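Chains as they are written, first to last, in the numbering used here: chain A, 1 to 272; chain B, 273 to 592; chain C, 593 to 933.
Calculated from the structure, these hints are not laboratory results. What you are looking at is a predicted structure, and each value in this text was computed from that prediction instead of being measured. Accuracy of the hints is not assured; some may be wrong.
[Claimed, not checked] Just so you have them, the derived chain B footprint on chain C, three or more residues with Cβ under 8 Å:
id : segment
1  : 872 to 881
2  : 886 to 894
[Unchecked claim] With the C-beta cut set under 10 Å, the calculated list includes, among others, these residues of chain C facing chain A:
id : residue
3  : Asn826
4  : Tyr827
5  : Val828
6  : Gly831
7  : Phe834
8  : Gly835
9  : Tyr840
[What the hints assert, rightly or not] Label-pair restraints from in silico Cβ distances:
id : chain 1 : residue 1 : chain 2 : residue 2 : range
10 : B       : Ala457    : C       : Phe699    : 46 to 54 Å
11 : B       : Ile441    : C       : Val782    : 33 to 41 Å
12 : A       : Glu68     : B       : Ser365    : 58 to 66 Å
13 : B       : Pro511    : C       : Glu768    : 21 to 29 Å
14 : A       : Tyr17     : C       : Met762    : 16 to 24 Å
15 : C       : Phe680    : B       : Gln487    : 56 to 64 Å
16 : B       : Met569    : C       : Phe699    : 51 to 59 Å
17 : B       : Arg395    : A       : Glu51     : 41 to 49 Å
18 : B       : Arg368    : C       : Gly714    : 30 to 38 Å
19 : B       : Val341    : A       : Asp34     : 48 to 56 Å
20 : B       : Leu293    : C       : Gly714    : 34 to 42 Å
21 : C       : Ile612    : B       : Phe452    : 45 to 53 Å
22 : A       : Arg205    : C       : Glu768    : 54 to 62 Å
In this text, a Cβ means the ideal position worked out from N, Cα and C, and glycines have one as well.
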Amino acid sequence: MKPSQSFLEVRKLNKTYVQRRWFSGKRFQVKALDNVSLTIPPGRTFALVGESGSGKSTLAKCLTMLEEPDSGEIYFEGSDLVVMNRQELRRMRPQMQLIFQDAATAFNPRFSAAEIIAEPLVIQRRGSAGERRKRVLELMEQTGLPVDAAGRPASEFSGGQRQRLAIARALALEPKCLVLDEALSGLDLPIQLQIVYLLQELQARASLTYLFISHDLGLMAQIADRVAVMHGGKIVEERAPADLFAKPQHAHTQALLAARPVLENCSAAGDA
Amino acid sequence: MRFFLRRIVHATFLLVGVSILSFVLMELAPGDFFAEMRLNPQLSAETLAGLRQQYGLDQPLPVRYLHWVQSVARGEFGFSFAYNTPVAPLLWSRARNTLLLTAPAALLAWLIAIPVGVQSAARQGEWEDKIASAGTTALLAIPELLLALGFLLLSLRTGYLPAGGMISIGFSELSWWGKFQDITAHLAIPVTVLTLGSLPILVRHVRATMLEVLQSPFINAARAHGIPRRRLLYRHALPAALNPLISLFGFSIAGLLSASLLVEIVVSWPGLGPLLLEAILGRDLYVVIGAILLSTMFLVGGTLISDLLLFAADPRIRTR
Amino acid sequence: MIKTRTISLPLLLLACIHLIVVCAGFFAPYDYASQNRTLPFAPPARIHFVDSRGEWHFRPFVYGLVDQPGRFGYYREDRSQVYPVRFFVHGDEYKLIGSVTAHLHLFGISEPARMFLIGSDGYGRDQFSRLLFGGQVSLFAGLLAASLSLVIGSGFGVVAGFYGKWTDEMIMRLVELFLALPWLYLLFAVRAFLPLHITPTAAFLMLVVIIGFVGWARPARLVRGIVLSAKERNYVLAGRNFGASDLYLLRRHILPQTASVVLTQTALLIPQYILAEVTLSFLGLGVGEPTPSWGNMLASLQQYHILVSYWWMFIPGVALIPIFLSYFLLANTLQKRLKLG
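Hey, can you work out the whole structure from these sequences and the hints?
Take a look at the structure:
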């Protein structure tokens, strides 16, 4: 197997969840990832679309090594994450960060905003307390959070602000790649727009790579450079969004497209 | 079916484990049945040694354990030094008395707890609920020991109910009906104490479970359909609450056994309680081990019964 | 935000009671073992302000007791001599800390009369003094045993919840076993395997250890539940994503969650454990004479003639009720308060 040269590449990833029931003795299996292979180019926005249960969240967790795949390789800048030990992983982790959908549960309710953003720095033991404080304020500015709210607990922030908080925290370690797992679902449309703007701005500034995971094909088509469709643990299609819309090849993609609510008179932000 | 076989295998391992553990622990404790007798100047050391040998107490531990297992196989469960009989018949007769006490208490407690708990949940926050809540808290704060002593005092003062024991003198001359009345009269105090003691916890759990069930969407839907309140409570909500309640039943058996242990001793009811206490104080080794094993068997039986009940009551479990 | 006032009432009451009990030597007029064979089963002392001549005394006083000839156990007051209650008197010796002794008592009366605030027992020992000293045994046995249970239980709970899979399975099986066994049988069983005749201090320690060990299962299960659910929270996953070690996650995110449950559990467990000590001592399996424990003070009530005639012997048992109620109230308010926190 040739080692990967691309930024982020996934090869033949497999993961099965097994639930055992004591009395019936039967095993209840869910194949979440079935031979999944993907290549994600640097500096661009990649979208992974599929319905619930298609395996997208599992892929997100495997990419960030929060779960271990049963088999396959994940190459990040040439190194296979799956075979790394704890030490090496610890060094790699800052490069790839995960942002969750539910901002409410993404933070410890007892932590203040400043503590939340500073936590990755604390864990990775970067900088003194003073330097960390400076960085926190920097990040809050970058993500458009009011600086005087640094001491308030996360529960006092609105939904949109919480996502900004999540992004600020994710950026603390200066990652190269952000995985956003349904990060925009559950936000009101205008807030979604704001967050998308912010993300695009940040991407331009730091040439970040984004992997969006979503069930909203319409939204993804507008912000992504490439879209992959997942169904039943497999990738069924992967193209540029324009091609996808024009000539969807897989039946599932067609179904997804057909299910989109179409807003006739609304012009989309960003490029198509 | 496989499930039950598994449980029975587990249970057997458990019983074997408990018996071995008991033997080992008993070995570590100083003194045996005849140690107390050492104080008696009339008994010489040789007599004691002879007695020990006769009962096999001078043998090494594994040998004694083996003999005991053989005794179990014969259905004797060892030998009681104090009573000079095999342990098994002693245990069974006492266990029967304990059951005579705990079964009515359990029944009564549940019979009272369910309606009170259900009504409390249904009228949450209103005065019925508050009274029930205050009552259970008060009852919870009163130790059963105190209740038992208090009732004894009452019966001694007023002479209404017999104070302690299981049967009166002259029991054997009574007719069937007379015998029944006599035992019931003797049962009154201990059963009342046990019931009152278990009520608070049961009522609270029933109430809590019902509250949860009453919040579920299907109850709201039923209410919207206009189903009358009582039917709603007892035909719709309560069956949904059965699952956790049946599990509770299994656990409550253990609690009741513990409580009855104490109450029996206080009111001199000839059940397992006084027997166990005697055996401990007198270092009657095999009786202690037998009683512990019996209680383990009760617990296993209790959980098995509640699992059976769950199986029968909850269609979801049956179709898995 | 936090209603500290509602907590303080039961907490205050409990703190007072425990303080008094700890300083039992000072608050009690007599030593717990000093007998007075001429005054067995004396009723609680009647405190007067007006004497037989109709005079008002500023200081409350007590009459001496004299037993009536021909009737055992019935006393009448001897009005010839007034014994005023004095405060901060010099009395029986007691231990402060370690081997430091003191003689100062809060109140007392002159010899040869005795003031039995809540009566005396069969040996003429002051029940009030014994109540206070006995409180040391019963209340603190409960407290210490509860702490032990919680430490053991939390330890197992954290290990089971955090490491999951086999460790969790094994520990949970053990928990189920301990939960399902009748607790008194368990206590009896463990007690049965220990020496019968031991010194009161050893008995106290033994009680604490047994009761504590037997009861670890319930806190373990609760803590395990919390750890299990906390472990899956997104902020814990995020922490892992930043490369956090297990220890960090436990310390900063998971264990603080258990604090509220552990505190509430403690408040609920302590009454049960006090009761366990009282039960064991009542049956003669706990602390023995002459050291008082509320359990062995109640033991004499097993004799019917004492049960019927001397109502003040019930008091150690009745004293449990307000203490239990306080702990329940405390647990209740803790639960409510910490849910918001």
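Margin query: Run through the hints listed earlier and report the numbers of any the structure violates, in increasing order.
Written below: The structure conflicts with no hint, since it agrees with every one listed earlier.
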